[in-house]
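All chains should be built: construct the whole structure from the sequences, respecting the hints.
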Amino acid sequence: MDQKQGRLSRFWQELKRRKVFGIVTTYAATAYIIIEVTNNLAVPLHLPDWFASVELVILLAGLPVTIILSWIFDFTPHGIRKTESLDESEKEPAPAKSYKGRIRPSHVLNAVLLIAVLILAYPRIFKRHSLENLRIRGGISVAVMPFQNLTNDTVWNIWQSGIQDELITLLTYSDELKVRQKETTNTLLKSKGLTNYASIGPDVAGMISKKLDADVFIHGSIKKVEDIVRLNAQLINSSNEEIYKSFQVEGKNENILHLTDSLSDMVRNCLIITKLVKSLPVIEQRLPPTNSSEAFRCYLLGEAARSKRDYPEARRLFAQALTIDSNFHQMNLLLSAVCINEGRYEEAKEWSIKAYAKKDKMSQRSRIITEKNHASFFGTPYDELNFLRQYLEIDDQFPGTYYDIGLIYYTMYQYEKAIPEFEKALELYDKFDSRPWWIFNYSLLAYSYHATGQYKKERKLFKDADRDFPDDPAIIWQKAMLSLTERDTVAADKLIDKYKTLRKERSWSDAGIAYSIGEIYKEAGYLDKAEEYHRQEVALEPNNPDRLWDLGWFLIDKDRNIDEGLQLVDKALELRPGYYWYMDAKGWGLYKKGQYAEALKYIEKSRELSPSYRHNVHLHLEAVKKALTSQKTN
Numbered sequence: 001m002d003q004k005q006g007r008l009s010r011f012w013q014e015l016k017r018r019k020v021f022g023i024v025t026t027y028a029a030t031a032y033i034i035i036e037v038t039n040n041l042a043v044p045l046h047l048p049d050w051f052a053s054v055e056l057v058i059l060l061a062g063l064p065v066t067i068i069l070s071w072i073f074d075f076t077p078h079g080i081r082k083t084e085s086l087d088e089s090e091k092e093p094a095p096a097k098s099y100k101g102r103i104r105p106s107h108v109l110n111a112v113l114l115i116a117v118l119i120l121a122y123p124r125i126f127k128r129h130s131l132e133n134l135r136i137r138g139g140i141s142v143a144v145m146p147f148q149n150l151t152n153d154t155v156w157n158i159w160q161s162g163i164q165d166e167l168i169t170l171l172t173y174s175d176e177l178k179v180r181q182k183e184t185t186n187t188l189l190k191s192k193g194l195t196n197y198a199s200i201g202p203d204v205a206g207m208i209s210k211k212l213d214a215d216v217f218i219h220g221s222i223k224k225v226e227d228i229v230r231l232n233a234q235l236i237n238s239s240n241e242e243i244y245k246s247f248q249v250e251g252k253n254e255n256i257l258h259l260t261d262s263l264s265d266m267v268r269n270c271l272i273i274t275k276l277v278k279s280l281p282v283i284e285q286r287l288p289p290t291n292s293s294e295a296f297r298c299y300l301l302g303e304a305a306r307s308k309r310d311y312p313e314a315r316r317l318f319a320q321a322l323t324i325d326s327n328f329h330q331m332n333l334l335l336s337a338v339c340i341n342e343g344r345y346e347e348a349k350e351w352s353i354k355a356y357a358k359k360d361k362m363s364q365r366s367r368i369i370t371e372k373n374h375a376s377f378f379g380t381p382y383d384e385l386n387f388l389r390q391y392l393e394i395d396d397q398f399p400g401t402y403y404d405i406g407l408i409y410y411t412m413y414q415y416e417k418a419i420p421e422f423e424k425a426l427e428l429y430d431k432f433d434s435r436p437w438w439i440f441n442y443s444l445l446a447y448s449y450h451a452t453g454q455y456k457k458e459r460k461l462f463k464d465a466d467r468d469f470p471d472d473p474a475i476i477w478q479k480a481m482l483s484l485t486e487r488d489t490v491a492a493d494k495l496i497d498k499y500k501t502l503r504k505e506r507s508w509s510d511a512g513i514a515y516s517i518g519e520i521y522k523e524a525g526y527l528d529k530a531e532e533y534h535r536q537e538v539a540l541e542p543n544n545p546d547r548l549w550d551l552g553w554f555l556i557d558k559d560r561n562i563d564e565g566l567q568l569v570d571k572a573l574e575l576r577p578g579y580y581w582y583m584d585a586k587g588w589g590l591y592k593k594g595q596y597a598e599a600l601k602y603i604e605k606s607r608e609l610s611p612s613y614r615h616n617v618h619l620h621l622e623a624v625k626k627a628l629t630s631q632k633t634n
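Position 439 (the sequence shown) corresponds to 439 in this note's numbering; numbering is contiguous.
Hints were generated in silico from the structure; no laboratory data involved.
Here the structure is a predicted model, which is why all the values come from computation and not from measurement.
Positions of the beta carbon are idealized from the N, C-alpha and C atoms, including for glycine.
Among these hints, one or two may not hold up.
Unchecked claim - Pairs of lysine to aspartate or glutamate residues, derived as EDC-like cross-links and limited to a Cα-Cα distance of at most 16 angstroms, are as follows:
#1 K424 with D472
#2 K359 with E346
#3 K558 with E505
#4 K592 with E574
#5 K275 with D175
#6 K504 with D464
As the list claims (entries may be wrong) - Label-pair restraints from in silico Cβ distances:
#7 T629 with R467: 49 to 55 angstroms
#8 E608 with E532: 32 to 38 angstroms
#9 D396 with K278: 20 to 26 angstroms
#10 K626 with L392: 33 to 39 angstroms
#11 T187 with K278: 29 to 35 angstroms
#12 D396 with K626: 23 to 29 angstroms
#13 D396 with I68: 54 to 60 angstroms
#14 D528 with K278: 51 to 57 angstroms
Structure representation (structure tokens):
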């Protein structure tokens, strides 16, 4: 035993003497820097998707080579030399070393590598989610130059500084903008001998703007033909004098103040929208199809609410955005989407029809997504997939598209096809150092892993989900299901207790919580326990048809008690006649009792009444038709 410990100690000393640890650390740091630099350059250089994988394989293959070479050789002041064995080195007297007051090259190299690693790793460790805080910090600094009088009428000279003053006053009302004061700007102009405002061109204005530390400046002119006056303005980047956008308004002479107000609104909206867009993650930075900053702000706040599953608030904000700008047609589409999230399918269908009617006025991207949404009500999942594939031809770097493709496969229970799409969405979020848009990016992939028996991947995914969405009930639900599946009832009980607490904090009803816990046990195969919770939800809300349907469907689908299940569904239909969910459950119960002709009537009626395609109804219909055909044949 002592000899073995001695050999290990000697080997450890040899590793340190040959500087293997230091060289491996340097190699790892260098490899990390190479990977990060490649990731940052992949998009602008249009590197193929396989490049990163090949690069990683090469770097991993280089690690053992580096270890071997560091063991055999050493860098010395006299060049690369073969390292002597420990026995040989002990025979020779160690040379005196004195590094006091000297900086070794290896120290400099390690310091540089450490700084580089910290710089590259910082954004990954401390991710910034700008969408969480829409109140802009800092804002855009703006300088407004006196307008040039190009009317050949000196009467309009007064409006050179007059329009400047009005614009400054109106822009100052926006908290997002830092507007340089008129006196400061004009005093600086006079100090440069620029008293004739008509001679102030964009180059001179740019110089003054830089002196004022303004991000952008507004340079404009006044023109006049008979009694029509035209105001032109340009929003220009102070650093490179690049024109962001041009504006133009015109009207009667006597309406000059109204024209100035209109011009100010146009400039203000442009500046605020630009700032809001830049506050978003890179993958979401697209200019919106609205000129109203308030409508755009409502849209962003609505999306933030929707990502947190506050669907009523999201619906209110999207409707408000549409009220502010009736031409913001994308809001019709989002109102349809959020109604789907809430289960308000009839209302979602109405918004989808409204959005579809405006599709020709939308951008190509919005039009394709609108057609996809419309197909969910009037087509098939394969029609939806076709539109999403079209979208990928335009933009294959938006993770939401892959998520939507995965979601369609998920709803058709094709989990093997859903998994790579969900994974691709998460890869893109990671590529752009952005948190996934909402928890379902994780929870649906986790469920798909579970459904295909990939429990290790499911458990590993929970770590990422906990980092981005700590203590989210959807993930706690999934964890409890996995624990039960693996027969770890102690862990499952703790998770279920935590799930109850989290749902109560979010004002869920006791019946709603009982239903959800019942589903955990059902998915994990604990049917007795699942039935207990589903009966509990009915006891808590006996006159709620959805609760009656929940228990009835469970008893029918799991062959627990089909007759009782049908009785519960009948009660639900009495309270809510003709509801398509209940009609399907009734038909499925009759099918299981062998009453195929009656079952066909109910399931066909369910499909007819349903506002959108439902794959489970499609599968039920196919099963009933097959049974009828077999019955006739026999």
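A quick look at each hint next to the structure:
1. Restraint check: the Cα-Cα separation between K424 and D472 comes to about 22 angstroms, which exceeds 16 angstroms; the hinted pair is violated.
2. Our distance criterion of 16 angstroms between C-alpha atoms is broken by K359 and E346, whose separation comes to about 20 angstroms.
3. Restraint check for K558 and E505: not satisfied, since their Cα atoms lie roughly 32 angstroms apart, outside the 16 angstroms limit.
4. At most 16 angstroms may separate the alpha-carbon atoms for a hinted pair to count; K592 and E574 exceed this at roughly 22 angstroms.
5. About 12 angstroms separates the Cα atoms of K275 and D175, which keeps this hinted pair within 16 angstroms; it holds.
6. As the CA atoms of K504 and D464 are separated by approximately 25 angstroms, the hinted pair breaks the 16 angstroms bound.
7. The given range of 49 to 55 angstroms is respected by T629 and R467, whose C-beta atoms sit roughly 52 angstroms from each other.
8. Distance hint for E608 and E532: a CB-CB separation of about 36 angstroms, consistent with the stated range 32 to 38 angstroms.
9. The supplied range of 20 to 26 angstroms is met by D396 and K278, whose beta-carbon atoms lie about 23 angstroms from each other.
10. K626 and L392 have their C-beta atoms about 35 angstroms apart, which keeps the hinted 33 to 39 angstroms range intact.
11. The hinted range of 29 to 35 angstroms is satisfied by T187 and K278, whose Cβ atoms lie roughly 31 angstroms apart.
12. Checked against the hint of 23 to 29 angstroms, the C-beta distance between D396 and K626 comes to roughly 40 angstroms, which is inconsistent with it.
13. Distance hint check: the CB atoms of D396 and I68 are about 41 angstroms apart, inconsistent with the given range 54 to 60 angstroms.
14. Take D528 and K278: their Cβ atoms lie about 56 angstroms apart, and the range 51 to 57 angstroms holds.
Hints 1, 2, 3, 4, 6, 12, 13 from the earlier list are contradicted by this structure; the remaining hints agree with it.
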